[in-house]
Every structure is written in C-alpha cells, then in structure tokens.
Amino acid sequence: MSNASTVDDCRTMSVQQVLAWLDSPDREIRLRSHRDVLPGGFMAAAIPGLIDWDISDPHGQPPYVVLRNLSYGGNPLERTTVLHSVRVPLDGIESAEFILVPFGRGGRFSPLQHVQIRFVFARDKRPQLLNVADSSTGADAMLDDIVASWVSWQRPRIGWNLRRGMDDSLDRYPLSMRVLSGSQSLLEDSLQQRDWFSYRLRLPGANEGLGELFKVVMTLGDSVGRHTLAHMLEGAEEEWLQSVPPSDPNREEMEHEWEELKHRVAGIHPLALEVHELPEDRNSYHPLTRSCATLARYSLLLTAHRLANRGLSEGINLQRLPEPEIDCTEQWMRKLAHSGWRSLFYQAPKALNFLLRHHEAIPPQIPHQLHAAGLLEQDSDKLRATRYGLHATNPYGSSFFV
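Using the numbering used here, read the sequence shown as starting at 3 and increasing by one per residue.
Note that these hints are calculated values from the structure, not bench results. Please note that the accuracy of each hint is not assured.
[To be verified] Result set (EDC-like, lysine to aspartate or glutamate): computed pairs, CA atoms no more than 16 Å apart in a straight line:
| no. | residue 1 | residue 2 |
| --- | --- | --- |
| 1 | K264 | D54 |
| 2 | K127 | D142 |
| 3 | K217 | D59 |
| 4 | K217 | E276 |
| 5 | K264 | E239 |
| 6 | K127 | D146 |
Since we're looking at a predicted model, the values are computed, not measured.
Could you build all of it, start to finish, from the sequences and the hints given here?
As structure tokens, then:
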C-alpha cells in the first residue's frame, strides 16, 4: 500500500501518499479531478478546506490561519485541480458577498442554484500562497479573494441525484466545504455558462464582523470536513484489514500509518479557534435541509447572532433575524428517495408544505430574508445584485476572459 493503486481508470492514493501531502504545506498538489481518489473512495479534488492549526496563529498580532486544499490554477478543460496551502490574515477581509449561481432553466430566478460566500481582501493584507511565498523569482504569491462552497462529496462515476439525496441515511453524499480562489471558481462556472449574482453583505463591527464571519465559515467547514474524513478513513481501514493477511510483513507498519493518518485528520489542536459543529447525524448533504444554500445562510445567521450577543448589532433588525437552525430530515423525504411515480405523487403535498414553511430551502428567497434582517448592503429598498460573468461585470480586470 505504499504506492497508489489504479482500479477502473481511477487512481487511489495510498495512506503513505496522503501523509506526505499533509506533511508538505509549502507544496502544491496537482490532481486529476475525475480520476484521483482518497482511501475510502471519494474524489481527492473535492477534499474539504482544512485549517492547519500547527502552523497557524489565530490569536497573534497579526492573527492568521493557514488554510489547506485551496483550489487555484487547475485547468477544467483537461480536468486537473491544483490544491494549495494559503496563509490568510484574519484582519484583512475588506468585504464579503453572498453569491447565487443559477443553473438549469429559469435563469436568475431558477429554484436550482448553487450558493457560495466570497471573501475579498484588502490590497495590503491578501492571502499568500505558501508554495511561492519565499520565491526569489518575484512570483506573485497573493490572492484577491477566497470562495467557500459547500458540495456533496462524491465517488467517481456517481453523479448527483436529487431524489436519492433526499435520504441522508445513505453514506453516499457526505458534506464537504471546498475552498477556491474566486477567479478559479468564476472561471469554472463561466465555462459552463453560469453567471454569478452577488449580494454584498453588511455586518456590524466592520472588519470585526467580517472576520467573525470568516472564522465561523472556515471552522464549520473544518470541523465537518474532519468528521467526514475520519468516517471515510474508518470504513477504508476496515476494508483494508480484510484484504491484507495478518502474515503480511508490512502489515504492522501500515497499521501504524493508518493510525497516524486518522490522528492527523481528527485531532483538535489546542490553538484552534472555537469549533462550530453540526450534530453528528447531520454531516451528509441534503438538497432541502443541508445544502450549499442552507449552510451558507446558517453561517451568516450564526455570525449575526454571535455579534449581537457581544453588543454589535447596529443595522441588524433583530425582530426579523431568524434563528440559525439546521432542520432535521423528515420521514417523507426518505420515502421520496425510494418512491416510484405513484408514491411520488402522494408525497408532493408534503414537499410543497415544507417549502412554504422553509423559504430558506429555495436559494432565490434567501437574499430577501437577509435583506429584511439588515444583513445586505443596499442603496435603496429594492434588492439588487451585481452580475459577474463572461458577458457581465468582471471582478478580476478587463482582460480576464480575453
């Protein structure tokens, strides 16, 4: 198991290779997005963003964290993903945006939309790529922004199925919060002819409020990601133990590697910021209760309540500020995942009733909730979004799409 194995055109990284990846924060890793998988069978390119607490100083002057597995520089045409470690100044966030990415029919008002949060940094306090940070060649090591994007972490050749995703008892779609540079994320969406509709966020406390949002988003993604990875590795270890005979001379060494990997993934560092977690039974992706939209909304509301509890509530309409909650999966949802057309017809009224009670499950409705609570910047009472894309505003300069 010291070398990667290839099965059905997929390459499974060995435990030894994953440990080498963890031990090299100052190096980038280039992956085949469609082929490379981690032990346990999930796509390596979709690994969640994790905070490397060993080399972070979140309470320092200035405070910073090192974020692992940030996607930047990959080529979607050749299906490659390049992952970096990046040093992020916690006091450098200049603005944040709630972004809707419509797909399918219906355009901007389509009920099917991806949701993400974009953090934009001040020019003199930008995130720094560790692999070129000390380069003597004058390489540009700085990023303008970071995008946090919740996705379902999938296995090779198993696409997303909306109906099957209703059953969160299936160990099929675990949660993963990917982190990308904004330019990489917009490039990938633009190649699929998907524009961004951005709503600029307004949080009390100025930089303190924006920094708090970043901490909540990243520590939530870190804790959920570590839980998912630990669960995935546990299942992979059981399979490996069954396949390797006790008489194998390398078994003891490989068992030690497994233990080291699990410890590295699941361990909580004493310098870690306050951990924001989901209940253990809610770490799977669900299209209505735990999606990119509901988790982005949850992070924002949790941040607003935390700031208000500190006395930072200027501009927030506390009467219209919803509680940060993650709903449980209802029984009819699991039935829907396994229903035929006749049963599907009978479950439809329950689905409609749920959507009437939970507007947060419909992505285009969320900005209206945030606006009513005072969490969006607007120059009038009318809700407006900035459109980014191939034929719209380009946040990265006029030559980005040339």
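These are the hints, each one checked on the structure:
1. K264 - D54: 15 Å, holds
2. K127 - D142: 14 Å, holds
3. K217 - D59: OK: K217 and D59 at ~13 Å, within 16 Å.
4. K217 - E276: Between K217 and E276 the Cα gap is close to 9 Å, so the pair holds against 16 Å.
5. K264 - E239: Given that 16 Å is the threshold and the Cα spacing comes to 10 Å, the pair holds.
6. K127 - D146: 9 Å, holds
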